[in-house]
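Student: Residue numbers (my numbering), protein chains in the order written: chain A, 1 to 438; chain B, 1 to 438.
No wet-lab data here; the hints were simulated from the structure.
Misleading hints may appear alongside valid ones.
Some but not every residue of chain A turned toward chain B, in silico, with C-beta under 8 Å [unchecked claim]:
#1 H52
#2 I81
#3 G136
#4 G144
#5 M164
#6 N381
#7 S382
#8 Q390
#9 P394
Take a look, some chain B residues computed to stay more than 10 Å from chain A by CB distance [as the list claims (entries may be wrong)]:
#10 L115
#11 I195
#12 N230
#13 E308
Virtual Cβ for every residue (Gly too), placed ideally from N, Cα, C.
2 protein chains.
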Amino acid sequence: MDITSPNFENAGPFTRAWEWLKALPVKLWSLAVEFANKMKKLGKDDPRRIIHSLKVGVAITLVSLFYYVRQLFDRFGENGIWAVLTVVLVLEFSVGATLGKGLNRMLATLSAGALAVGVDRVATLFDRTGQPIVIGILVFIVAGTVTFMRFFPALKARYDYGLMIFILTFCLVSVSSYQDDEVLEIAYERLYTIIIGSFIAIIVCICVCPVWIGETLQNQMANNLEKLGNFLEGFGREYFRLSEEGHSTDDKSFLHGYKSVLTSKDKEETMANLARWELWHYRFGFRHPWNRYLKVGTLTRQCAYKLEDLNSYLKYFEIQTPTKFRREIQEPCIQICSESGKALKELASAIKKMRRSTSVNFHIANSKLAAENLKSKLIDNSLWENANLQEIIPTAAVGLVLIDIVPCTVKIVEAFQELASRARFERMDDRVSPSNDV
Amino acid sequence: MDITSPNFENAGPFTRAWEWLKALPVKLWSLAVEFANKMKKLGKDDPRRIIHSLKVGVAITLVSLFYYVRQLFDRFGENGIWAVLTVVLVLEFSVGATLGKGLNRMLATLSAGALAVGVDRVATLFDRTGQPIVIGILVFIVAGTVTFMRFFPALKARYDYGLMIFILTFCLVSVSSYQDDEVLEIAYERLYTIIIGSFIAIIVCICVCPVWIGETLQNQMANNLEKLGNFLEGFGREYFRLSEEGHSTDDKSFLHGYKSVLTSKDKEETMANLARWELWHYRFGFRHPWNRYLKVGTLTRQCAYKLEDLNSYLKYFEIQTPTKFRREIQEPCIQICSESGKALKELASAIKKMRRSTSVNFHIANSKLAAENLKSKLIDNSLWENANLQEIIPTAAVGLVLIDIVPCTVKIVEAFQELASRARFERMDDRVSPSNDV
Chain A
1 MDITSPNFEN AGPFTRAWEW LKALPVKLWS LAVEFANKMK KLGKDDPRRI IHSLKVGVAI
61 TLVSLFYYVR QLFDRFGENG IWAVLTVVLV LEFSVGATLG KGLNRMLATL SAGALAVGVD
121 RVATLFDRTG QPIVIGILVF IVAGTVTFMR FFPALKARYD YGLMIFILTF CLVSVSSYQD
181 DEVLEIAYER LYTIIIGSFI AIIVCICVCP VWIGETLQNQ MANNLEKLGN FLEGFGREYF
241 RLSEEGHSTD DKSFLHGYKS VLTSKDKEET MANLARWELW HYRFGFRHPW NRYLKVGTLT
301 RQCAYKLEDL NSYLKYFEIQ TPTKFRREIQ EPCIQICSES GKALKELASA IKKMRRSTSV
361 NFHIANSKLA AENLKSKLID NSLWENANLQ EIIPTAAVGL VLIDIVPCTV KIVEAFQELA
421 SRARFERMDD RVSPSNDV
Chain B
1 MDITSPNFEN AGPFTRAWEW LKALPVKLWS LAVEFANKMK KLGKDDPRRI IHSLKVGVAI
61 TLVSLFYYVR QLFDRFGENG IWAVLTVVLV LEFSVGATLG KGLNRMLATL SAGALAVGVD
121 RVATLFDRTG QPIVIGILVF IVAGTVTFMR FFPALKARYD YGLMIFILTF CLVSVSSYQD
181 DEVLEIAYER LYTIIIGSFI AIIVCICVCP VWIGETLQNQ MANNLEKLGN FLEGFGREYF
241 RLSEEGHSTD DKSFLHGYKS VLTSKDKEET MANLARWELW HYRFGFRHPW NRYLKVGTLT
301 RQCAYKLEDL NSYLKYFEIQ TPTKFRREIQ EPCIQICSES GKALKELASA IKKMRRSTSV
361 NFHIANSKLA AENLKSKLID NSLWENANLQ EIIPTAAVGL VLIDIVPCTV KIVEAFQELA
421 SRARFERMDD RVSPSNDV
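Work out the full structure: start from the sequences and follow the hints.
Tutor: Pasting the structure below:
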């Protein structure tokens with residue numbers, strides 16, 4: 001290339017353009033291959049994506065039937081296209097999102113259509129010049145007020161789409177009414193085409209391999225707890241034993257897994273808002289306490305901040321050799337790590353299976369004991385005499401953080417217990433030992 | 001109430017219903033008052049919300065003119081309503097969101113319309129029975145493929161709306177084409193009504209009190225840095241001096257301000273994605289390095305995790321009295337707090353004003369010196385002899401975290417400097433001391 005490129009640079013613009021054009025098919029081909037590979041990976045990572053794409057294709061083809069069949073077309077008229085639009089707009093990846101959008105769209109169309117018909121009745125009291133002015137003023141007031149209402153956090157979380165459709169339908173029907181006297185018919189046609197579209201979208205979404213966002217949220221909460229548990233267990237091994245065996249070459253991905261938990265807040269809130277629409281899910285039912293999941297999520301994040309802190313002490317470790325002090329406090333530290341880790345992983349599995357847990361209290365009690373033990377060792381003056389403070393202080397700080405992690409875990413367990421009782425999680429051993437139950 | 005309620009409970013269902021009905025107006029009135037108060041508060045918190053609502057009202061009324069004016073209506077026909085719909089859907093709170101949606105909508109309509117016309121030409125090669133089958137298959141393939149493309153993270157971030165409109169327009173035009181032979185006209189009418197609607201929305205959004213999301217993002221980054229700075233300065237006072245004066249009764253809100261920074265990731269990313277559409281903002285220009293803002297944001301969050309850690313040590317403090325040890329390390333600790341805090345606040349003001357900062361390096365150098373000083377004091381064995389370990393260990397741990405905060409701040413400063421040079425921030429004193437410039 002070093003030999004050809006000067007020639008290439010000296011060549012005229014046409015030659016260069018020709019070279020570029022010659023290289024184009026190869027470039028395009030490699031881009032296409034890259035794109036195809038990415039698509040393949042996306043599908044492999046979550047096959048539900050492929051299924052969703054097929055579902056959208058099926059639903060749209062289905063609703064298009066209204067157009068293809070002459071008889072149906074004659075009944076619906078031009079407005080049948082609204083059913084197609086509705087399917088495209090309403091059919092979302094999860095059942096919660098589809099139900100939320102569908103119900104929002106239907107209710108908003110109904111109420112806005114009714115209001116617009118009322119406005120039209122008022123406007124007919126005026127003459128031909130007055131009508132557009134009255135309608136214009138009312139459209140301005142309604143559009144402005146409803147737009148402002150979209151800023152309410154409570155409304156925005158669940159009814160944002162409905163409020164937008166409300167403005168849209170209201171403007172559409174009242175503005176059309178000026179040119180077309182059959183305003184009632186416009187509103188009515190729009191309403192039932194939208195109902196048909198929404199129902200097709202909802203039925204396809206629920207009946208063909210449904211993705212319940214509530215289940216996804218629950219699994220994510222469980223995975224987050226498991227990541228914390230894995231970190232704690234791994235940290236104990238890493239911080240206290242590694243030195244004896246030299247640097248281990250194991251997979252250390254568990255040391256970074258918890259990082260995604262740090263920023264999970266917004267995603268969890270969105271999911272919980274969507275999950276509230278999934279009224280008919282067989283396991284969650286009508287009044288599932290999604291707020292309690294968010295509470296567990298908040299406490300999980302608070303625990304993750306502590307792990308971030310612990311993680312930063314691993315770097316101190318690398319430059320140091322173990323001392324008497326570290327060996328002395330090693331046992332309770334490792335016990336806190338492993339018992340708290342087990343408690344968190346136990347909770348994760350309990351949440352996944354929607355069961356109460358019997359062994360979690362046992363692990364918590366153990367980790368509390370270990371914390372007491374660690375506290376008394378830390379303030380044992382004999383350990384600190386003539387010690388290398390540069391090494392001893394970070395290790396003591398790790399001990400403090402570990403002691404702090406125990407109440408953090410206890411809070412998570414309490415939040416889980418409240419969730420379990422509100423959500424009526426299954427008792428594992430009602431008959432064996434009810435008193436032992438958490 | 002205690003006297004009347006038993007009577008009320010013993011009363012028949014009709015009496016109770018009547019009582020409930022009598023109380024209804026009062027309840028409704030108090031609800032309405034509460035709602036009005038909340039609205040007032042929302043508007044007061046951010047008056048731009050009221051302006052936005054008025055803008056939406058104006059834009060919709062403006063576009064409705066197309067319907068009211070007979071001559072225009074005759075030219076546009078029924079499809080004029082698409083212009084109204086477009087304004088409702090495209091006009092968003094910020095310029096970035098409006099531009100993003102408007103451009104997405106116009107480009108998607110153009111390309112999908114062209115594709116649909118092409119598909120229609122292919123379909124006409126078949127007979128009347130074959131046509132719907134061919135169109136149906138092609139609609140299925142296009143809808144499925146584009147829906148799958150919406151899962152690409154890179155496409156989802158900026159072109160999600162466009163991809164949805166692409167499916168929508170493609171289905172609408174090809175499905176209509178079966179009933180209506182003037183498919184080219186349908187596509188064309190849809191395209192120019194959407195262009196008119198988008199332009200009205202964009203013009204109203206930019207010309208009437210525009211809200212630039214890039215500016216909002218920049219201010220938020222600056223506010224986040226300021227919150228961290230406030231916490232650090234406050235923490236130094238709180239942890240080391242409070243004991244001398246007893247519990248201070250000052251406002252301690254600065255100790256919680258940083259908490260919102262912990263979960264700012266998703267919001268910042270959304271804002272940066274929208275800010276990329278604001279090509280014509282006078283201060284940001286075409287290639288503003290929004291990625292660099294996100295980098296500063298990530299480092300700010302990492303620093304906030306450390307503050308969360310520091311905050312947890314405040315509780316240890318409350319049960320203890322100051323000792324010799326704490327008094328000894330007090331000076332460098334307070335210096336780290338105040339110098340790092342000043343550096344962060346200096347950065348915040350520099351970002352807000354889009355200027356480089358001259359004094360930040362000075363504060364950083366001071367805090368590095370203080371950290372060295374603190375390190376040597378911490379490992380001074382004479383301080384640890386016969387000390388109360390229960391008190392000394394948490395204080396030493398606070399010292400460690402403070403030492404850790406210095407490199408954290410340095411990283412933020414470095415990220416800021418890269419941002420400043422990429423974004424061509426103004427130099428404050430080019431002529432006075434260029435070598436001193438950060």
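Student: All the hints need checking, so say for each whether the structure fits it.
Tutor: Now the hints, each set against the structure:
{"no.": "1", "hint": "H52", "result": "holds, 7 Å"}
{"no.": "2", "hint": "I81", "result": "holds, 6 Å"}
{"no.": "3", "hint": "G136", "result": "holds, 5 Å"}
{"no.": "4", "hint": "G144", "result": "holds, 4 Å"}
{"no.": "5", "hint": "M164", "result": "holds, 7 Å"}
{"no.": "6", "hint": "N381", "result": "holds, 6 Å"}
{"no.": "7", "hint": "S382", "result": "violated, 11 Å"}
{"no.": "8", "hint": "Q390", "result": "holds, 5 Å"}
{"no.": "9", "hint": "P394", "result": "holds, 6 Å"}
{"no.": "10", "hint": "L115", "result": "holds, 15 Å"}
{"no.": "11", "hint": "I195", "result": "holds, 19 Å"}
{"no.": "12", "hint": "N230", "result": "holds, 19 Å"}
{"no.": "13", "hint": "E308", "result": "violated, 5 Å"}
In this structure, the hints that do not hold are numbers 7 and 13, in rising order.
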